[in-house]
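Chemist: Residue numbers (the working numbering), protein chains in the order written: chain A, 1 to 258; chain B, 259 to 577.
Honestly, the hints are just simulated from the structure, not real lab data.
There's no promise every hint is true.
[Claimed, not checked] Label-pair distances were calculated between CB atoms; the ranges are:
#1 Gly252(A) with Gly554(B): 38 to 48 Å
#2 Ala63(A) with Glu475(B): 36 to 46 Å
#3 Ala157(A) with Asn453(B): 19 to 29 Å
#4 Ala157(A) with Pro292(B): 42 to 52 Å
#5 Ile104(A) with Pro512(B): 49 to 59 Å
#6 Met180(A) with Pro292(B): 28 to 38 Å
#7 Phe56(A) with Gly518(B): 32 to 42 Å
#8 Thr521(B) with Asp98(A): 51 to 61 Å
Beta carbons: idealized from backbone N, C-alpha and C, even for Gly.
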Amino acid sequence: MSDYLQREMAPFGPDLWAKIDEMVVTVAKRTLVARRFVELVGPLGWGIEMAPKFGFATEGGAAVASDPQYLPLKEIQAEFVLKAKQLAIADKTPFGLDLGAVAIAAMNLAKEEDELIIGSLVKQAKSTSELGSWAMPVDPFQAVATATAKLLAGGFAGPYALVLSPEMYARLAGLIQQGMRAMEMVEKLVKGGIFQYSGKALGEQALVLSLGAWNFDLVVGQDIATAYLGNEGLDQKFRIFETLALRVKLPGAICVLK
Amino acid sequence: MNEKVIEMLKEDMMGEHQAIIQYLSHAYAMGEVPMAFEVEAIAREEMRHLDWLADAIVELGGKPTMERAPVDFSSAAVEAQMLKDVELERGGIAQYRRHMEAIENEELRLLLARIVHDEMAHQDKFVALAEEARQGAEAAPEAPVAQPAASPSEKQKRLAEILNQGVRHEYTVTLQYLFHSFMAESKELAEEMQNIAVNEMQHLGWLAEAAEEVGAEADINHTELVLTDDPEEMLKADIAVEREVTRAYTSQLPEIEDEGLQTLVTRIRDHEIYHDAVFGEFLEEVEKEEKAAEQGTEEPKTPPPAPPVPSVGSLIGQE
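Same shape as in the complex, but just chain A:
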């Protein structure tokens, strides 16, 4: 890890840094949603500030890229504090350091990343389809099938992914017809997976996406990492941060179910 994370200035050694890193990575991996279906480019390093994004069109029968547009990588962050008392207990007793604050910060950062990505996907989607009430067992299948048909008609083949709120996920899991769960039927349509997302960006809508880096991808400059900010009195302050940009190249690959 380079110096810019100022780790050597912290009043503890590599063992504790390893525990903080492990906690951050574990919580991020458990919490992040969009990285499970959006392909990732990178991590390219903190020094990367812009990512080229090409548009595509057909000219004279040939598909060609337009001039690139440069997207700035956005930095997002979450901070945590380790109290002097915590560090003292960890140092002088057999209890070890409680990393709850690290976990909460990592979770907050992961939620912000998802909000950014899923919000952009919703905003840039070119296609919409009817969500319906999902009151009857056949409703979810019909809604998703209509969306995938729309995507396919636009030339966007599968695998598809479905992103929906936990409430809708629960509804999907609960509907049963003739011994078959609505979930199982829908799973056959969305081989890329069904993902629950609880943030505001989606609300009561759902997303059906044609997966592939040529449709959209996530450029990561600095991947999620923890830096030491310095002390606040006797307490120690840290920042978990990352830099990223979502590139939606073909917005037709995204369908919002409203």
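Following the hints, put chain B in place on chain A, whose structure we already have.
Modeler: Using the frame of chain A, we list chain B on its own:
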């Protein structure tokens, strides 16, 4: 000797295929009346015969045929159509009897005897249906002199063409999937193919009846069939045909004004999307198996060294 037997069984398959289509076209033309359901039930029994004959051919090392003997699609009063079906059964029974005499294999003779038994029952049923139709026609009030029908508008012609495109597609895939079910070595794949073929046959019926309702004759002919016994090739062909028809139905939906028909085509289209997904799952399995078989001969790869700094990275494929 097997070749001769296979040829005879193929001839029987062609006869069953011809009967299925003839009976279905007669049933579709009747509309939703009890007699149509009885005729459709007989067609379903003929499908079972087709399946048994195909299995017997595969067991003998042959490939089933998806060709059919020429079908009489001419229209006539119901009684006359039922009498045509009586004749078809009569011809079929005679053919099976000839084949039974020529085939020595006891098991096959038993199979053909079982089919003949069914065909005789069908023949009697068609005689009864012809009589019922005759009595019905006599009891019916004199029909007014038919006025020449107004020529269909461009919209009606287009609707009939859309429905008939669907009929041709559904017939094509029914045959293709049946053939694939006969040839599939995996029992699971064979069963799924057959289930989907039955579902496509159902679509064929819905669309054919709809075509008849709008005054068109259902065009029960097929386009090109992909008849392969290679599981990867068959699944790829089946996925391709499902996607093509999904696109076709989706693009045709805005042209259909009748709400009921629109719902019907949407429902069929959604089934096709489901079939595409089911075939996709099977294809993934087949490709994985092939890859595993290829890798089995390679040296095991050493795992890459663990990254020195923990990173979240991509989570694709992670639960």
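Chemist: Next step is simple, just say for each hint if it's right about the structure.
Modeler: Going down the list of hints, with the structure as the test:
no., hint, verdict
1, Gly252(A) with Gly554(B): 38 to 48 Å, "holds, 41 Å"
2, Ala63(A) with Glu475(B): 36 to 46 Å, "holds, 43 Å"
3, Ala157(A) with Asn453(B): 19 to 29 Å, "holds, 24 Å"
4, Ala157(A) with Pro292(B): 42 to 52 Å, "holds, 45 Å"
5, Ile104(A) with Pro512(B): 49 to 59 Å, "holds, 51 Å"
6, Met180(A) with Pro292(B): 28 to 38 Å, "holds, 31 Å"
7, Phe56(A) with Gly518(B): 32 to 42 Å, "holds, 40 Å"
8, Thr521(B) with Asp98(A): 51 to 61 Å, "holds, 59 Å"
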